[in-house]
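Trainee: The task is to assemble the complex, starting from two chains supplied on their own in separate frames and drawing on the hints.
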Amino acid sequence: MRVLVVEDSDRLQRALVAGLKQRGFAVDAAGDGQVGLERALAGTYDAIVLDLWLPKRDGIDVLQRLRESRQDVPVLILTARDGVSDRVAGLDAGADDYLVKPFAFNELAARVRALCRRKYGRRSRTVAVGDLTVDLSARTARREGALVDLTAREFALLELLALNEGAVVSRRDIEARLYDERDEPTSNVIDAAVCRLRRKIDRNGLKPLVHTRRGEGYWLGVEGVR
Amino acid sequence: MNSLRARLFVALSLALLVALGAGGVLIYELAGSALHAELDARLDASLLSAIESANEAATRAAPAAAAGADREFEGKDETPGSIADVLEQRIAAAFADVHSGVGFAAFARDGTMVARSESLAGFDVATPPPFEGERLHFDVVLPNGHRRRALAVRMTSIGSEATPLGLDALPRAPETFVLLASSSEMTGRMAKLRSLLLFAGAATWILAAGFLQLALKRGLAPFAHFAARAAAADPETGTPVGAGALPAELAPVAHKLDLLITRLRAAIARERRFNSAVAHELRTPVAELRATTEVALGGEEDAAGLRAALVDVEGSVRHLESIVQALLSLRSGRHLGEEPRLETFALADFVAAAVARVAPAAAARGIALATDVAGDATVTSDAGRLRSVVDNLLSNAVEYAPPSTTVSVVASAGAGRLEVTVRNARPEGLAAADVERFFEPFWSKTPRTSDGGAGHVGLGLFLARAFAAALGGEVHARLVDDGNGGRAVEVGLTASSTGAAAAVSAAPPSA
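Read top to bottom, the protein sequences are chains A and B. Just so you know, this note's numbering puts 71 at position 73 of the first sequence, and the rest follows in order with no gaps. Counting the second sequence from 1 gives a position; this note's numbering is that position plus 392.
Think of the hints as simulated: they come from the structure by calculation, not from any bench. Note that the Cβ used here is the ideal one computed from N, Cα and C, for glycine as well. Just so you know, not all the hints are guaranteed correct.
So, partial list: chain B residues that the calculated Cβ filter (under 10 Å) puts toward chain A [to be verified]: (1) S668; (2) P677; (3) V678; (4) R682; (5) T685; (6) E686; (7) G697; (8) A700; (9) D704; (10) V705; (11) L871; (12) G875.
Derived contacts from chain A toward chain B, CB cut-off under 10 Å, selection only [as the list claims (entries may be wrong)]: (13) D8; (14) R12; (15) G17; (16) Q20; (17) L76; (18) R79; (19) V82; (20) P100; (21) R196; (22) G203.
Ranges of calculated distance between the beta carbons of each label pair, as one might list FRET restraints [as the list claims (entries may be wrong)]: (23) A/S122 x B/E628: 40 to 48 Å; (24) A/D70 x B/A671: 29 to 37 Å; (25) A/E66 x B/A762: 45 to 53 Å; (26) A/R85 x B/R829: 20 to 28 Å.
Just chain B, with the same shape it has in the complex (with noise of 0.2 Å):
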């Protein structure tokens, strides 16, 4: 029951049937009154036609009956059964079969029925409903169950139609004339429409509910399709929901599906490469510590060989260390989660001192250190964020240039724009390629050992990135033309006041 088609099924079945009773019932209710019609016509026939018939016997009888009969009524003109005699007499010709279903009852002012035709075999008749006008077609139920429609009528409204028939002649004249036919045929012919309509709406709700499993069926093959389609998606293999051959109306669907498949692989990939690097990371170290114990605790190494391993594994322990705060750094709200604490500075101030923080690593490889900074520009910023991004361009560059070269800063804010941007000489082997892939986390051009204590672990770019998007900004880094007909690295920080969170406001510098 938890399928829409199996829903749909019940509950368009369910109407169905309402539909289909109410329609027979209808039917049902319409042919009988058609029937109730027809039957009170013929009682209206029979009327007349009893009639013709006691005027043609009191025709044919008149001579000699004449005199016989007002002498029957004279004398006998208190007693009922004379009164019937005389009345079979005049009007035995219209009533005469005992098993037509056809009879008659005559009721006098009083209720008191004072004639009944033989054909009823003495069952009484129950007396007329109150009616008004001059006739009234009512159903009878004879004592011995039998059920009869009945025609009642006044016999004012006959007037002198009714004397053939003698009624006017009765010592007490009757006033409702009650015309009574069976009504057996109607009921069987009821009885079998009922069965009919049963029958055939049984037999059209059965038919009607396999076309509409069909209907279902096939209507609502697309959503089967799509439902199927998007069982199978995967963002793991890539695997899409496809809007092709789908209707319109589920086409938006899956369309939006696959782009949410799509960026759901990416974000899939970018995790796994993300864990395979730090495991990748991890390993090394976790190797060199585990393999100097070893080979320590194995051996025979006397104290200065201890004092040997025990300076690898403090080794391996930093940069251990390292790894885990730059893992730390990333994933820390302390940067990227809570809301930015903005300063005012001067940009001149801020260069100067992430220069100088990195002076004694640039001395050691002969790399030179110049700066440019615009005029006395200052910069409304949260500094902290700010400078782990300047810390990393600067530390990768000195890092990375080749020995006895020049790192350059230029740093400029204005027009609620702050860029810095840090250039170095090409090192050898670095293609262009290469620098589309210095944001990856533990990225290297070459492998990058160990045993360079806490230095870079390959996630200052990846990190300074982030940053830079918490400020509303944005890091890239390209090849240039150095000037000199040769290749520099550029890596710049480009940070808009109207970036996120507004957490950049760089003020034009004063004249």
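Chain A with its partners taken away, still in its complex shape (with noise of 0.2 Å):
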């Protein structure tokens, strides 16, 4: 999953940006309102972290011109203000969640988390492939009950296949869903990636659900069930 963060403490946006990328989040940054609506007017994100005081643009004047750009991605005020009208200014501009500062790291990654599921329609915290499940929050894979080991990258891409279950995923989606603009993905790293998590999740004697379909990308599920 793919987040933007906009927030003018430098300090607080390392923070963030580092957090939510131990969570397996790829995450782009802005420092003031206008780069940050420019990224999330131009970019593909799963989510938006989003400050109200900000300078050059206001949080919520930021908000407002990606929903008249008609803009989706869910979004979350993350603030300093408490006050009730605050809140309600910026859920009726179009925020899908708000958080008052400080706050708890794990907090923050379960909200936008729930925003990026949401965003794929899914409301549960697991997603069941045939013999495998895949728990978005705790961000565990099971094949048959045996828990499967993958690294943070390797689940955000069983992660973004299991949240598309049955449909097929671009490697362009793929990169930018996966990568972050500090990333530099070499052209068979995404290649490379599935391979890999084919390799954890359909060990010898198992159904395969990681396919690949030639020229356009890869699905997970079972075969002759999609």
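Mentor: The structure is reproduced here in structure tokens:
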């Protein structure tokens, strides 16, 4: 999942980026409202974490412009403003969630994950694909009940495929969702990542769940059930 | 009993009860006196009537009785029985009715009863009390308990009028004649009057109490109305007491209360704004600290990553420290609560030192500093407080002036006034309305990040104004023409030697 953080405090921005990356998100950051709006309009994000009091362009203004541009990316407002009127203004402007500083990072990450799930029409924390169960909150995967050992990047790939169960996800989409602007994935890095994931998910003797649609991309599912 | 109405009601009811009681007693006594007088008059009339009746009887029986009577008295002059017989014959007509309640008794000089009427039914009558004059009215209680009103007259006062009664013919001539009349009618009338007075008094008291309740309720209604409005008044919502429709006595109280409510509301709003601003300012560095530490502890950071996290933590702590120090300065008695420590110093040296303190920050932003201090003026003031004010004005100007511009300081002291004015070019986008908010705590035109170290937290000008007030002066801010067709921000201190606690005393520059 790819997240945009718009926060003018450098220290908090650094912590947000690092913490969300720890939890498997690809994270881009902007330090003012103008840059934040430009990136939000240009990029493909599964969620945006948006401060309100921003230089150059206020967070509410960014949000309104975003909605006017028919961008329905989920937005979580993260701000020091704790007044009811501020919350109402934020939610009415089109925010999907509102969190007041200071906050527990796990709560922020859980809210961002929930927003991402909602974007894909999922409300349950788990996605079952055949005998594979993906726990989006615990960030674990089990095949026939056995825990599959995955890196954060591998789980992010599996999560993306699981949320799009049965549907082909293009290499470009995978690159856009899994890699932020600081990453510079090489041409075959997606193929290599899918290959590693397939080796861990589709172990010997198990029915293959990770499939390749040549020239289009990859999909997760039970062949014939799709 | 805590209500004014209840207290007034009880007090007035008791007063009314006492007044009614006193009135009743007065009426009763007056009526009693009138009835006694009436009965006494009747006794007087009865005495005359008895004499007339006896006269008539004597006239009718004169021919036959004269001789016999002479014989009787001559033969039995010491026999009480025969005396009584003679007496009865002579005055039987006057006191024949035993049930009339009217009777008489005659007493000799030594107090011995020498005659009595048959209507007394054989009861002895007590000797009348000694009295001066010719007659006495008094009360008598017969042995049977019946009360009688009595008229005692001296025989001498009756004189020849008594002759028909035959009293002067008694062997022992009586000295005092007592005429008795029943007072039962008077007693009855007095009892009736007593009952009437009690009933009328009770009824009057009950009715008056009812009217009193109504009158108190209506009379005190403005107080109740005022109390209800005062109870509903709320500084939180701004609900006033309101002087409308209140009586003239209460209107000033309501007006004063409304003034206090307005002030209290403004103070509450100020306090809340300040607290909210403080909370808002604290949230970001605390969020930084929490997020940075949680991320550092939750990941598998290498030494460089942990060091970077620590650097961020240190920055957040410094920012927090600067906020706390500003708050402590604001609340510190060191600055605002203590007596000023007056000292005399040269204004030029003071300004030069202040400019030197901000020079590094100015140089970092390419800001030029220009000073213009009038002559060799000296100032007598609390240098510490004055430095706090001037440092804040200068550091704000250096912080927010557009880069590569000039910040000028003009200072003068004379005629008891000290003026320090700091001027800088107007930052882009700064409007006159923004200048009016310069002194609000934590106000900033643009978001103030916490990454600037221990720099401005938005309390500088707020503190400067507080310190200036403690010096008996004031700080102002405005947009002015910069002389080149543009606008400049001017922030200045004006302190007066006649200000609070005479904290500042500016001496004119010497010639």
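Trainee: So, for every hint listed, does it hold in this structure?
Mentor: Hints versus structure:
Below 10 Å, beta-carbon pairs count as interface contacts, and B/S668 has one with chain A at about 8 Å; its hint therefore holds. A least Cβ separation of about 8 Å between B/P677 and chain A falls short of the 10 Å threshold, and the interface hint therefore holds. Among the interface hints, the one on B/V678 holds; its C-beta lies about 4 Å from the nearest C-beta in chain A, closer than the 10 Å criterion. Interface hint status for B/R682: upheld, as the beta-carbon distance to the closest one in chain A is roughly 5 Å, under 10 Å.
Interface restraint check for B/T685: the shortest CB-CB distance to chain A comes to about 9 Å, inside 10 Å, so the restraint holds. This hint holds: B/E686 has a C-beta 4 Å from the nearest C-beta of chain A, less than the 10 Å allowed. Residue-level restraint check for B/G697 holds (minimum Cβ-Cβ distance to chain A is 8 Å; threshold 10 Å). For B/A700, the interface hint holds, since its Cβ comes within 10 Å of a Cβ in chain A; the closest pair sits about 8 Å apart.
A cut of 10 Å between beta carbons decides the hint on B/D704: the least distance to chain A is about 4 Å, and the hint holds. Nearest Cβ of chain A to the Cβ of B/V705: about 8 Å, under the 10 Å cut. The hint holds. Taking 10 Å as the C-beta cut-off, the interface hint given for B/L871 is violated, the closest approach to chain A being about 22 Å. About 31 Å separates the beta-carbon of B/G875 from the nearest beta-carbon of chain A, more than 10 Å, and the hint is not met.
Because the closest C-beta pair between A/D8 and chain B is about 5 Å apart, less than 10 Å, the hint holds. The beta carbon of A/R12 is positioned within 10 Å of a beta carbon in chain B (closest approach about 6 Å), and the interface hint is therefore held. For the restraint placing A/G17 at the interface with chain B, the shortest Cβ-Cβ distance is roughly 4 Å, inside the 10 Å limit, so the hint holds. For A/Q20, the interface hint holds, the least distance from its beta-carbon to any beta-carbon of chain B being 5 Å, beneath 10 Å.
Annotation: A/L76 was flagged as interfacial toward chain B, and the flag holds, the nearest CB pair being 8 Å apart, inside 10 Å. Proximity of A/R79 to chain B holds as hinted, the smallest CB-CB distance being about 7 Å (cut-off 10 Å). Violation of the interface hint for A/V82 is found here, the shortest Cβ-Cβ separation to chain B being roughly 12 Å, above the 10 Å cut-off. Given hint, A/P100 at the interface with chain B, holds; its Cβ is 4 Å from that chain's nearest Cβ, closer than 10 Å.
Hint on A/R196 is violated. Least Cβ distance to chain B is approximately 26 Å, over the 10 Å limit. A hinted interface residue such as A/G203 counts as satisfied when its beta carbon comes closer than 10 Å to some beta carbon of chain B; here the least separation is about 33 Å, so the hint is violated. Roughly 46 Å separates the CB atoms of A/S122 and B/E628, a value that falls within the hinted 40 to 48 Å. Checked against the hint of 29 to 37 Å, the pair A/D70 and B/A671 passes, with Cβ atoms roughly 33 Å apart.
Remark: the range hint 45 to 53 Å for A/E66 to B/A762 is upheld by a beta-carbon distance near 48 Å. At about 24 Å, the beta-carbon gap between A/R85 and B/R829 stays in the expected band of 20 to 28 Å.
Comparing the model with each earlier hint shows violations of hints 11, 12, 19, 21, 22; every other hint is respected.
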